[in-house]
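Assembly of the complex is requested from the two constituent chains, each provided in isolation within its own frame, with the hints serving as guidance.
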Amino acid sequence: MKISLGRLIREPLFHFLLLGAAIFFLAGRVRNSSIGAGEKIVVTQSEMESMVVGFSRTWMRPPTQEEMQGLVDDYVREEVLYREARAMGLDQDDVIVRRRMRQKFEFLAEDLATHRSPTDQELEGYLQQHLDRFREEPSFSFEHIFLSREKHGASTEAEAKALLAELDGKNKDAIDIEKRGDTFLLPSRFEKTSAPETARLFGENFATQLATIEPGEWAGPIESSYGLHLVRVDARVPGAAPPLANVRDSVLRDLLNDRRKQELDAQYSKLRARYTVVVEPPEVPKVAEAR
Amino acid sequence: MKSPIGLSNLLALLLLLFVAGPLVAQDTGEPDKASLEKAYPSKQPYSPYADRHFPDRVYWGDTHLHTSFSMDAGAFGCRLGPRDAYRFAKGQEITASSGQPVRLARPLDFLVVADHSDGFGFFPLLLSGDPKIMADPQGQRWNEMIKNGQGAAAAIDIITSFGKGAISKAIFPVPGTTAFQGAWEEVIKAAEEANNPGRFTAFIGFEWTSNTGGNNLHRNIIFRDNASKASLVEPYTTQKPLGSDNPRDLWKWMSGYEEKTGGHVLAIAHNGNLSNGRMFPLIESFSGKPIDREYAETRALRERLYEVTQIKGDGETHPFLSPNDEFANFERWDKGNLDLTVLKKPEMMEFEYARSALRNGLKLEQELGVNPYKFGMVGSTDAHTGLTAIDEDNFWGKTSSSEPSAGRATHPFIKTSNATIMGWEQTASGYAGVWATDNTREALFDAMQRKEVYATTGPRMIVRFFAGWDFAANDANTRNPAVIGYVKGVPMGGDLTQAPTGKTPTFLVAALKDPIGANLDRIQIIKGWLDAGGQTHEKIYDVVWSGDRKPDAKGKLPPVGDTVDVPNATYTNTIGATELIKVWIDPEFDPLQRAFYYVRVLEIPTPRWTAYDAKYFGIKMPPEVPMKLQERAYTSPIWYTPEK
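Same order as they appear, the protein sequences are chains H and G.
To convert, take the position in the first sequence, counting from 1, and add 131; that gives the working numbering.
Read in the working numbering, the second sequence has 361 at position 378, and its numbers run on one by one without any break.
Just chain G, same shape as in the assembly (with noise of 0.2 Å):
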């Protein structure tokens, strides 16, 4: 266990050996050992700041933001592109594809615009009625729709399509097509003109949207590199031949890639909740066959984060998966797949949660030495409108046609013959924190390479995690934990490994609320290991929280109380703690289990989007609508892996 600190002052001394030694050695002799400590003095240097590389900023984004170069999103009603996502996520006021003015609260560090390849570029030539797509019956029926304002049912029916494989081979633009290579260049321009290193950082990216049967898979992709490198390609897409619906296809796209130009992109999976037990799979459902070494190799290579958050539901954990879990049924999609032409079953569900996926990446680990799932976490917003907002009392939903509007709660946002999604089961969720040294494309890559990430549902609040051997108690009062937490540990997305004798993993927490945002509730480690009979668990311990609860007999810590006002959609922050902190020390570690631990902070309630329409609108929801929720966050794990 290397930390930077340390692995700093070493490189300063290899450089010095190699560099000064010699050059020294020519002039004066060979350094003895004095000098050398003259020149790299052991004990900390006496201005605080020097030699300090650790992060000590968190940036907030968005790494999944779709705009009208997206079929789905163009057919919804979504007018914006590209450079208006990037111009609005800085803080500009915009005027919303439904004609409102709107803006965020705060501008955001990053953003990534994703839009879906297949079809790139596909609605502008839908709707300026082009003729190759007039001549085909399908495209002709859905430009007749929109035209006539049934655009939200054309999009469910171009999404249904396309899950089937059904969208006419004829008026698809694909890889090569003018089309295609022309939404790619703009998708690209914009991101360049925005992109501001120090400032703001947008990405080069889009979303590999695997969607066989209606089953999620989808990926999205990041780019570290700029325009001269990833102009060198074109997007890699589903629709056989030029691609394929496969993620170990993707993953060679990736690989070819960075084989290609010399450069980097990652992959970021979401909404395993609509996977149909896909997402995490133990047996993959392409081959049939149960995972190989290969395939969890390549995905813990490809795949380090998961989007655990965002407007399509949250996916931590589902209350069948983790009964013991008070704050599990947090704003779940559990219906069905994608477009709903499957209903859910429970057995799915293990390989859709996050938890779930990573407590079976530790039994895949001791089976197949490697660990497919293990990964960090992000919230991200999926929006369909060109708008990253989701703060709770500016919520633009997840499609133009769910911009603010007085039906948009009551209306149905997908209904099928099996089941309903209403449009108040949008959930206004998340962002992605990122602890990077600089805010640029290849600081904020390189934090999310190293899983140094968190997933709010919407809040900024700041979150610190650190494991390491030996944290103190009183470290949780020095004036800068961040200091001790990188010296004596790993941060969040590290490893522990090889325990030392009679030792036990300590932690570091830290919480600070969002500065506009509400108070705090507690903090909690959840951990998850994989016991010698081959068997997987959980537990949830509260770790710290405001004011002077006391856990009852069962040790359950009473509810921090509740200052929601709901017809004015208020709150008051009288309750809970704008900072917590603690040293945590695992009451139950055993170093010949493999576990992880990652981290859920939650504030005290507060309206939920539902209840701000309310009061906006003066309507009355119906009563099965949440009015209000517990915002949260949840780190990357920590792991713990034994010696062999």
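Only chain H is shown next, with the shape it has when bound in the complex (with noise of 0.2 Å):
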């Protein structure tokens, strides 16, 4: 009598002798193990104040004596079981406890990377070689004048060339730009406001003149998303750069970052060298074969 494979695997008999073969096998096997006898459970201090921080995060109040207790009691039940969850080898193909373990091997890793604090010289090598990241954009600090088209229409250029006319050659603070040109709800003044800042508060085309004017004198005008401006620059900071200590915080944390990278692959690489790994080529099923 020839049975296949398949019709055996719907047996409920089969079934029944597996499932027996293995209660037989599990039995055995915590009975073999059976690390509980004589096995002593310490629940220290330190462990307790662990759970009263534990509990604490969760209840902002620490615990009562009899929640003290019932935490204590619960650490034992899981101490016990988690023991002889071990000895029973449940850890072993557990997706989680894989996992948990290869991220905290990982941890392990990469805590020796950040282990030693990068020195001066070797934040400065990092910025220079990745300058592109941490430029800074260029800013300009600046004065405006608002003339609005809505107010003065079609004679808002003549308008504002008349007011700059006016303005030429004027000592710096003999002006008060405050009682000068339309209501506007943007500030009269702006102190280091970089170049794309800029762009949003008045559009792309204002920032992109303002670049181009000479700082010192008023100028202009110029237009915004809103009417016309005239401006007096007062500084333009080019893009730059910058020095080391400008930026620290951000070379650091990306210097910091590599490193965990590198650390994780150069570990890795070193353990991977002692094993030799084999992957099985698919099996081909039969019916493929047929096909």
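These aren't lab readings, by the way, just hints derived from the structure by calculation.
Hints may contain errors.
Chain G stretches covered by chain H per the calculated footprint, using a threshold of three residues with CB under 8 Å from any CB of chain H [said to hold, decoys possible]:
| # | stretch |
| --- | --- |
| 1 | 111 to 117 |
| 2 | 212 to 224 |
| 3 | 231 to 240 |
| 4 | 458 to 469 |
Just so it is clear, CB atoms sit at the ideal spot from N, CA and C, and this is done for glycine as well.
Here you go:
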């Protein structure tokens, strides 16, 4: 009599036997391991302290006497079952356990990488290598006077030019710009405002034009999203490579990040070298052959 | 009423008397008045910029964004985490979960990643086929559905099950578990890394998602503090026994955090429109009793802002509640509760919308002595994509399954046996504008707490709103209206009390269009008040508008016009105004009546996101789909409270 494997698998008697065998096997292991006998579980003071901390984090108060007893009981229960489970090898094929162990290992490796703080020299070197990432945007300090097209219509340009002529050559402090031009909801003066920021506030065109204006004198008019502006640039800081002091934190963060990655890879390839890996070719099912 | 400038002078003087005084006395005898005046001249300093401590910049942000750490976002296909969300908000180009490149037109100034605390980190476990989850029939079913490409259906099932409290206890991460703690640590780390004081603020936060029976009572929690304090706690959840679905318990948790750490947190509720009458109650749904003074006091303290507009509908008011408001019917979601398990009844609406809540707040203040609904207003996205992208021409949808695609508008967004919400009903909205002195966690948080904030449905128009007793028409013509605004009045979110005899409140209101957006149609002031008989009322005033339109005999202003070319999804700024400003005096003021005033700014009509979709994908939208809209801003109110 020929019995196919598929039919056997569906056979209830086969299930029964398999189950029986499994129970027998497990029971045997539990008995054999019998690590419980004479084993000691010590709940240390520091473990109890960490239970209190854990509880307080959730409840935002320390546990009562009864709750503390509950925590200790639960800890003991967990410890007993943890030891027994390990003795039975239940940690072997568990995806979560495996992943957690891998994670812990990686944390260790990462700790190694960041254990030693980089020296200033190393930071400086890293900054020079990745200047693009840390470059400071150009920025302006400027004052402006707004002229509304809605108020002045076709004569807005002419009015702007007339006002510019009036301002021309005048001492900086001789003009109260708060009293000139039209009502406007943005401030009259901007300090060290970056080019992208200026574009966000006034529109792209304004920022582009502003970059071409020589510091010192009133100039313009230049067009924003709102109307015309006379502007006086006080200071223009071109985009520049920053000194380390200005970007130290970001450089440190990026450098450590890189180091972590490198350390992980280095560790892994060292360990990987100890193993021979065989990837089995896929088994070709019979059906596929027949096709 | 003290303006910040007056206050700072006063402080300077006190400092001089208490600190400098004794020193001066020791060396040169008592200071005389003349020498004091020389040190602190009473007139305005020569430099107009000196001595200004008021906020002169508005910072833009989103207080409510979800990433893959939220269980439902993950189920809908979101694969972007908090770090990606912050990078995107800073203006970097990234790849969306749907595989498409995406970038903002302009970076934001701040962002709160607010993932659901319930099931924090649940989704990564579900997706990876965690054995514990696979051992549970429900978890296994969801895992299978997602693997078979039915992620959206799984997500809705997850949300519905959560609403019913029907998620198996065995598979749900709760505070204290590794999955939960790990997710919270990641959220904190991402915020700490992205936070760059002065340039970009990344707040630590989470969403407390009270949703019993599918009724939306959600609140976002925002920390003023950094990791050293925030990591001392774990986010509060709604699942018993560790959490609770009752806001009173959330407020207790907030107090607990503040007492324990010395830190500060605030809560912002959202989507009253999906609460089926429970968001702004007169009768508490949890006890069945009228709300008491303790509830009112705590809510007023803990919930100083309300998220009035977002993708799941705009919540300012409803045509049923405001039949005389011609702009009330705007992007409304009014079919039922969050999961559409219970349909809407008209009598629920009074307790769902911001304007009616502000009105009921006046009534409750009369009865209880405290106004529980004295909130300022912000807009935010509530996007579940990791992408805070709600510009009409760059709208990335509520969930990753509604990221741009030819069919997203015409597929149902939620469908139950009761009702259907179509994809096109998603609202591309909103952002929060914050008047702060600096772009830091502290400065922005403090501005939120004093309600100096406003909501927009997306555009970044600048809006100022001041109230005082002495604004004169000419104050609207000063070069920088904010100076006079702070000197003579209080800003949005503030209070007027004790009307001087014979005086009427005056308001200075101004708006400047979004620099890359549409022109403005009009500014309105919306007033609500409580009459002597205990009834509340509302009235809408057109205060200033573009062009030379004249109101008709009934006082109705003609529409601004319409330049929208729907097939091409364009418009022109040939109508409307770039800037509007006016001093307005309440013509019907009664010093004995409690009142609130807030501003609504309307843009000219522009193409809705559905028009941009139709053009890009070359599709025809069904006739019921709106293709244009008038974007708007709502400011926090200013309240008038009579003397006792």
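Outcome of the hint check:
Three residues within the 8 Å Cβ limit are the bar, and the stretch 111 to 117 of chain G against chain H gives 5, so the coverage statement holds. Three residues within the 8 Å Cβ limit are the bar, and the stretch 212 to 224 of chain G against chain H gives 3, so the coverage statement holds. Coverage of the stretch 231 to 240 of chain G by chain H holds [criterion: at least 3 residues with CB-CB distance below 8 Å; count 3]. Restraint check on the stretch 458 to 469 of chain G versus chain H: 8 residues with Cβ-Cβ distances below 8 Å, three needed, restraint holds.
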